[in-house]
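Modelling step: build the complete structure from the supplied sequences, incorporating the hints.
Note that the sequence shown covers residues 1 to 113 in full-length UniProt numbering.
Where hints are given, some of them may not hold.
Label-pair ranges, simulated between beta-carbon atoms [as the list claims (entries may be wrong)]:
{"#": "1", "residue 1": "Q83", "residue 2": "S35", "range": "32 to 40 Å"}
{"#": "2", "residue 1": "E66", "residue 2": "I93", "range": "16 to 24 Å"}
{"#": "3", "residue 1": "L107", "residue 2": "I79", "range": "37 to 45 Å"}
{"#": "4", "residue 1": "T111", "residue 2": "N31", "range": "24 to 32 Å"}
{"#": "5", "residue 1": "S59", "residue 2": "S35", "range": "15 to 23 Å"}
{"#": "6", "residue 1": "M73", "residue 2": "S34", "range": "43 to 51 Å"}
{"#": "7", "residue 1": "S35", "residue 2": "L82", "range": "33 to 41 Å"}
{"#": "8", "residue 1": "S84", "residue 2": "M62", "range": "18 to 26 Å"}
{"#": "9", "residue 1": "D81", "residue 2": "L107", "range": "33 to 41 Å"}
{"#": "10", "residue 1": "T65", "residue 2": "E108", "range": "55 to 63 Å"}
Please keep in mind that the hints were generated in silico from the structure rather than gathered at the bench.
Glycine included, every Cβ here is placed at the ideal spot set by N, Cα and C.
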Amino acid sequence: MPTVIPFPVEGGSRCEPQNSPMTEMIREELNQLSSNEYMVNCIMERMKPFIATLDCDLSLDMEITEENEAGVMQMIPSIQDLQSRFDGIISEIISERILHEIHLFHLERATQV
1 MPTVIPFPVE GGSRCEPQNS PMTEMIREEL NQLSSNEYMV NCIMERMKPF IATLDCDLSL
61 DMEITEENEA GVMQMIPSIQ DLQSRFDGII SEIISERILH EIHLFHLERA TQV
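Structure below.
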């Protein structure tokens, strides 16, 4: 199995990567790309620090009062647009990482022979 280099992550309130929805999404994507269970498990192990990094709280906490309610309501479409763009960017980053890990796995296997 490849060497996993742990990267430090701040905070201790993150979910265990193997239990997170992000882990399941990435595992499902890998399973769609390959039926090689060994490869999927190796990549998932290597991606644990990456997945832990993705598990961050991006909630927007704000207090809505009668005075700022109209302004907050006007912001909602912009916030939704920002969330959609952010989701797209994160999806692209995850896809690139998955493809990189698959390529790396095959390179490592080729050099082991």
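Verification of the supplied hints:
1. Checked against the hint of 32 to 40 Å, the C-beta distance between Q83 and S35 comes to roughly 34 Å, which is consistent with it.
2. The beta-carbon spacing between E66 and I93, approximately 40 Å, falls outside the hinted interval of 16 to 24 Å.
3. The supplied range of 37 to 45 Å is met by L107 and I79, whose beta-carbon atoms lie about 42 Å from each other.
4. Against the hinted window of 24 to 32 Å, the Cβ-Cβ separation of T111 and N31 comes to about 25 Å, which satisfies the hint.
5. Checking the proposed 15 to 23 Å range against S59 and S35 shows it is violated: the Cβ atoms sit about 37 Å from each other.
6. For the pair M73 and S34, the beta carbons lie near 47 Å from each other, so the given range of 43 to 51 Å is met.
7. Restraint check, S35 to L82: a C-beta distance of roughly 38 Å satisfies the suggested window 33 to 41 Å.
8. For the hinted restraint 18 to 26 Å between S84 and M62, the CB-CB distance of approximately 20 Å keeps it satisfied.
9. At about 39 Å, the beta-carbon gap between D81 and L107 stays in the expected band of 33 to 41 Å.
10. Between T65 and E108 the beta carbons are some 57 Å apart, a value that agrees with the proposed interval 55 to 63 Å.
Checked against the numbered hints above, the structure breaks hints 2 and 5 and satisfies the rest.
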